[in-house]
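*Asks:* Mind assembling these two chains? They're in different frames, but the hints should get you there.
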Amino acid sequence: MNQSVQTGAIWGSIEVGEDLGTFDYVMTVEMISDYRRVVDNPEAAYPTVAARHPANLFYRKYGGRMRVPNTGQDSEYFNPPVAGKRITVTGRIVDKYIRRDKPYIIVEAKAVDEDGRLIEVSRLIGLAREADEPAFAVVTRKWGA
Amino acid sequence: MEDTALKIGKRLPAFTRPIVMENMVEFETVVWNRGRNLHSNAEAARQDGLTRPLASGQNQLAFLHELLERTFGDAWVYGGKISVRYIYPVYPGDSLTIHGVVTSLDNDEGGKPKVGLEVWCENQNGQKTAVGKVTAAQPVSARSWLESSGGAS
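Sequence order for the protein chains is Z and F. Using this note's numbering, read the first sequence as starting at 23 and increasing by one per residue. Using this note's numbering, read the second sequence as starting at 860 and increasing by one per residue.
Chain F with its partners taken away, still in its complex shape (with noise of 0.2 Å):
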């Protein structure tokens, strides 16, 4: 990634990812174990009156954040800031397509640039089942959490 400054208007390179059940179910273990619930089991979503499990909400985010930390770098990971909402079931089978796009130039209070964004996530029928708006400072190449992180995995 070369250090250019983003315009307003400009569209990020979008991607799309399976959402997966079994990935839904690892993601409710990684970190913290928290159990059957009704995002990775279909029987407790029965039991909570749900016909299947439920995508996360935290499942759309961390797609989010691959977003931005593509576009962004260290920009992104040190001082960024987002505020999503969930605003459309995600289940099992779909195919989420993220995008962002460039709509504001500032500078924060300490008078260095900062970037506006609207990110979303949209389902493969173009619903649309996260939006959020975001801010961090221009891109820049370097990712040095991969450093601390033990690297790439």
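Just chain Z, with the same shape it has in the complex (with noise of 0.2 Å):
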């Protein structure tokens, strides 16, 4: 690892495999409903891209304390959301690693809804920063601005 890389030491503290966890929630018809008029698309079949299963959980566990902006998303879709059926999402840390200077945290979410159908599989490809960093100096570093 470059030496200049400032990881911090919560990144360090994060193991690979940790898990983060479980939630759950219905998908209500609004919620359907308010995505597909909010992003222009009536027949829009995954409102779970606004949900952001594996930011969620990675909050509920390091909220207030560290930060990963979404800068890529690998999903798989395989069966969308049923109105008024319940779904649950587990998720786990899969990778961490520096890239070009920059520490990142991949997080891993698997949703399933009351019958068992597999819903998605995402992960997020975050730009780890501690919560008391600014933004500003992560987006402009990666950017380049």
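It is worth saying that the hints were derived from the structure and are not from the lab. Certain hints may be false.
Below, in silico cross-link-like pairs of lysine-lysine (DSS-like), each with a Cα-Cα straight-line distance of 25 Å or less [what the hints assert, rightly or not]:
hint, chain 1, residue 1, chain 2, residue 2
1, F, K940, Z, K107
2, Z, K132, F, K973
3, F, K987, F, K940
4, F, K971, F, K869
A few chain Z residues that face chain F, going by a derived Cβ cut-off under 7 Å, partial list only [unchecked claim]:
hint, residue
5, M53
6, G94
7, E98
8, V104
Here the structure is a predicted model, which is why all the values come from computation and not from measurement. Quick reminder that beta carbons are idealized off the backbone N, C-alpha and C, glycines included.
*Replies:* Shown next, in the form of structure tokens:
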């Protein structure tokens, strides 16, 4: 690792494979309708895009201490959410690395509904920073602005 | 949509979406209320060192989904994969055009045809803001998810 990279103590303490726990919620007709209106797509299949499952799980454990601005996402979609069904999300840290002198954390979340239908598996590629570091510093470093 | 197989080099019909602050705010509250943050609130953005709110990457992902739903129908919704990177900031007032082009035709592990694409969002200045790679089965006309989600909104 490049010793000049400022990863922070929290980033250093996070372990690949770490369990981020679980949460659940009901995907209501209203949520689906609201999502479709906001993205101007009356037939949108995956309102879970706005639910940000990986980030939600991460912040339940690390909120207030660390931020993981979303620099990308790898997702696979299996069955769109059914209105009225409860969705359970589980997640873990699947990787962390330094790339171009910046620390990243990869958070994977798996969403399954109450009937056992796999909804999606999504991986957040998070540009890690400690919560007290302004986003501006990280964003501008990444984009060279 | 007809059940017409895609070919390498095929450009998907592009479309344009304005980035509107009101929608950015609402995007942060649909499904989950994430409260005020740098995507939805000017003061929160300033506190984070930004000059103005920044549209979330998920906003762009939503537009890419629309491109893929239109093109592939159930073939995207049931089994589609995307890997996307957000490479340039998007602000309210920007206008994004959503693009895709077919880059490969293969078979998956089960021997079923699989289409590979490059997709991207481009702002009003021609700057790419998000780039991604997608795989899905060949398009189908079926859009069966509309039946289980209460129909089109």
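*Asks:* Hints first: check each against the structure and report whether it holds.
*Replies:* A quick look at each hint next to the structure:
1. F:K940 / Z:K107: OK: K940 of chain F and K107 of chain Z at ~23 Å, within 25 Å.
2. Z:K132 / F:K973: holds (23 Å)
3. F:K987 / F:K940: holds (21 Å)
4. F:K971 / F:K869: holds (20 Å)
5. M53: This hint holds: M53 of chain Z lies near chain F, its Cβ roughly 5 Å from the closest one there, short of 7 Å.
6. G94: holds (4 Å)
7. E98: Since the shortest Cβ distance to chain F is 5 Å, the answer is holds.
8. V104: holds (4 Å)
The structure meets every hint from the earlier list without exception.
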